[in-house]
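Could you slot chain B onto chain A? The hints should help.
Listed below, chain by chain, are the residues.
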Amino acid sequence: MKIPLARIAHARSGDKGDTSNIGIIAFDARHYPLLVREVTSERVKHFFGEMVRGEVERYELPNLGALNFLLHEALGGGGTLSLRIDAQGKTLGAALLRMEIDVAQEELG
Amino acid sequence: MIRIANGQGFWGDWLEAPVRLVEQGPIDYLALDYLAEITMSILQKQKEADPNLGYARDFPPLIARIQRRLIEREVKVIANAGGVNPIACAREVLRLAPSLKVAVVTGDNVFGRLDEFLAAGHAMKNMDTGEPLSAIRDRILSANAYIGAFPLAEALALGADVVIAGRCTDTALSLAPMIHRFGWKPEEWDKLAAGTIAGHIVECGAQSTGGNCQVDWQNIPDFANIGYPIIEADHEGRFSITKHEGTGGRVSADIVKEQLLYELGDPKNYIMPDCVADFTSIQLKDSGPDRVQVSGIRGAARPEMLKLSIAYSYGWKAIGTLVYSAPQALEKSKAADRIVRERLRQLGLKFEEIYTEFFGVNACHGPVAVPNPDPPEVQLRIGVRGQDRKAVDRFTRELIPLVLSGPPTGTGFGEGRPQAREVVAYWPALIPRELIQTSVQVVE
Numbered sequence: 052m053k054i055p056l057a058r059i060a061h062a063r064s065g066d067k068g069d070t071s072n073i074g075i076i077a078f079d080a081r082h083y084p085l086l087v088r089e090v091t092s093e094r095v096k097h098f099f100g101e102m103v104r105g106e107v108e109r110y111e112l113p114n115l116g117a118l119n120f121l122l123h124e125a126l127g128g129g130g131t132l133s134l135r136i137d138a139q140g141k142t143l144g145a146a147l148l149r150m151e152i153d154v155a156q157e158e159l160g
Numbered sequence: 002m003i004r005i006a007n008g009q010g011f012w013g014d015w016l017e018a019p020v021r022l023v024e025q026g027p028i029d030y031l032a033l034d035y036l037a038e039i040t041m042s043i044l045q046k047q048k049e050a051d052p053n054l055g056y057a058r059d060f061p062p063l064i065a066r067i068q069r070r071l072i073e074r075e076v077k078v079i080a081n082a083g084g085v086n087p088i089a090c091a092r093e094v095l096r097l098a099p100s101l102k103v104a105v106v107t108g109d110n111v112f113g114r115l116d117e118f119l120a121a122g123h124a125m126k127n128m129d130t131g132e133p134l135s136a137i138r139d140r141i142l143s144a145n146a147y148i149g150a151f152p153l154a155e156a157l158a159l160g161a162d163v164v165i166a167g168r169c170t171d172t173a174l175s176l177a178p179m180i181h182r183f184g185w186k187p188e189e190w191d192k193l194a195a196g197t198i199a200g201h202i203v204e205c206g207a208q209s210t211g212g213n214c215q216v217d218w219q220n221i222p223d224f225a226n227i228g229y230p231i232i233e234a235d236h237e238g239r240f241s242i243t244k245h246e247g248t249g250g251r252v253s254a255d256i257v258k259e260q261l262l263y264e265l266g267d268p269k270n271y272i273m274p275d276c277v278a279d280f281t282s283i284q285l286k287d288s289g290p291d292r293v294q295v296s297g298i299r300g301a302a303r304p305e306m307l308k309l310s311i312a313y314s315y316g317w318k319a320i321g322t323l324v325y326s327a328p329q330a331l332e333k334s335k336a337a338d339r340i341v342r343e344r345l346r347q348l349g350l351k352f353e354e355i356y357t358e359f360f361g362v363n364a365c366h367g368p369v370a371v372p373n374p375d376p377p378e379v380q381l382r383i384g385v386r387g388q389d390r391k392a393v394d395r396f397t398r399e400l401i402p403l404v405l406s407g408p409p410t411g412t413g414f415g416e417g418r419p420q421a422r423e424v425v426a427y428w429p430a431l432i433p434r435e436l437i438q439t440s441v442q443v444v445e
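So the protein lines, in turn, are chains A and B. Counting from 1 along the first sequence, just add 51 to a position and that's the residue number in the working numbering. Counting from 1 along the second sequence, just add 1 to a position and that's the residue number in the working numbering.
Please keep in mind that the hints were generated in silico from the structure rather than gathered at the bench. Among the clues, some could well be false.
Stated by the list, open to error - Taking lysine-lysine pairs in the DSSO-like style, the calculated list, with each CA pair at most 27 Å apart, reads:
id, chain 1, residue 1, chain 2, residue 2
1, A, LYS141, B, LYS269
2, A, LYS141, B, LYS335
3, B, LYS308, B, LYS48
4, B, LYS308, A, LYS67
Nothing here was measured: the structure is a model prediction, and the numbers come from that model.
If we strip away everything but chain A, and leave its shape as in the complex, we get:
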């Protein structure tokens, strides 16, 4: 079944220049493998579409049940150059939590 990522994870996002970083954290550590399986760099890149002009990198933090994404060229130039209202990407974590993932009922436990 499809569920929004927000059902099993929370997030915080910020910036480093023109790169947005999004941390995705499982509420329950048992759901971390679902994040690893479902929330891939490719799917994150596809989800944001034209908003992310560069690559998406993913890092794993199993100790925190978390993934860290770097979205390159995602902030309209970043810092002071950006013309966007959310030049620091502070709202992008909340946006990503609406992405749908595919899980089986029993996997949610």
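Using the frame of chain A, we list chain B on its own:
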């Protein structure tokens, strides 16, 4: 065990936070972070206009306000409020609070040494683009090396009540008291990494005590009186994050995890001047009400290069807005955007970028925003950026006329036309650490 509080996550953070930290419970050290990447260039301009300025001007009045408590409770302050003029900052603190002992750390400011570095063959390439610094040499406004915690600890060892630095790392402000009190040595990478990660957790103030938290935010108590974070650290590098009893906000493992991931790059290589910290080694657990215990942290040897924060004049930008109401608020906004762009085209104005957002429709979440077929109102927000100030200035005159000459229901122009603003850009680069010599002095 020592208690290190952070009372300022950036310059412009809540003025009452540091006052309440010294009033509402026990702390030993108060860390205050004032500098963002671009702040240094603003301060450099202020110093050029007045040689007695160039530091965070909120800082001396704050110290004046809390000076009695600092002495009564033996609280030491560590701040990067010095900007590009830490000695002037120290003198102003002493003028307002003459009974305090004030020390400054200098040596981070390399604005006057760039030609020396270039001549010695250091290209100081932009870490993002690879361009050499020579490409923008004549437009540089400020240049500082990020320095670590050891010089700050040295200042504490001189018995300073207030330590003022320029561009030290944010995490160094919290790590320094641990080095000072526990006698940590430069090769104790695990302990230094623990102190660095503790500093990372608290460096954004209340973001580790419930601010900007997505977990159960509606039920986080009393944001109006939110408590700022406190590290309780021991000599082995184990620590807890907490806040004063009776304050608002919340400290939980979920919240600390969010902050750990904030502005993080590669979690195994969190590179700071004093060590490289490994975020995949962190173990944390809720260990009591508003208390999270952190342990297990590993670190690796410090880097051979220090990071430079260079600011340079890039160009100009302006952002203008108009509001259209329903019905068809979005369609009207889009029509107005087309008119503005057509007029800019007819004028032959060249910009590096013209960017339009429809506030209320897609400004924050772009193409992934949930569609709203008939929003009650939409704010059209057009920004331009370019090298030519005249073109940017001309743009600022193109929005308001549409209220009379464009689609119906245009409003929200009460603030007048937008202002062209200088764009100061950030140039991250590296320099061998042996070129940066810090010094510590007590200011009389």
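Checked hints:
no.: 1; hint: A:LYS141 x B:LYS269; result: holds (23 Å)
no.: 2; hint: A:LYS141 x B:LYS335; result: holds (25 Å)
no.: 3; hint: B:LYS308 x B:LYS48; result: holds (23 Å)
no.: 4; hint: B:LYS308 x A:LYS67; result: holds (14 Å)
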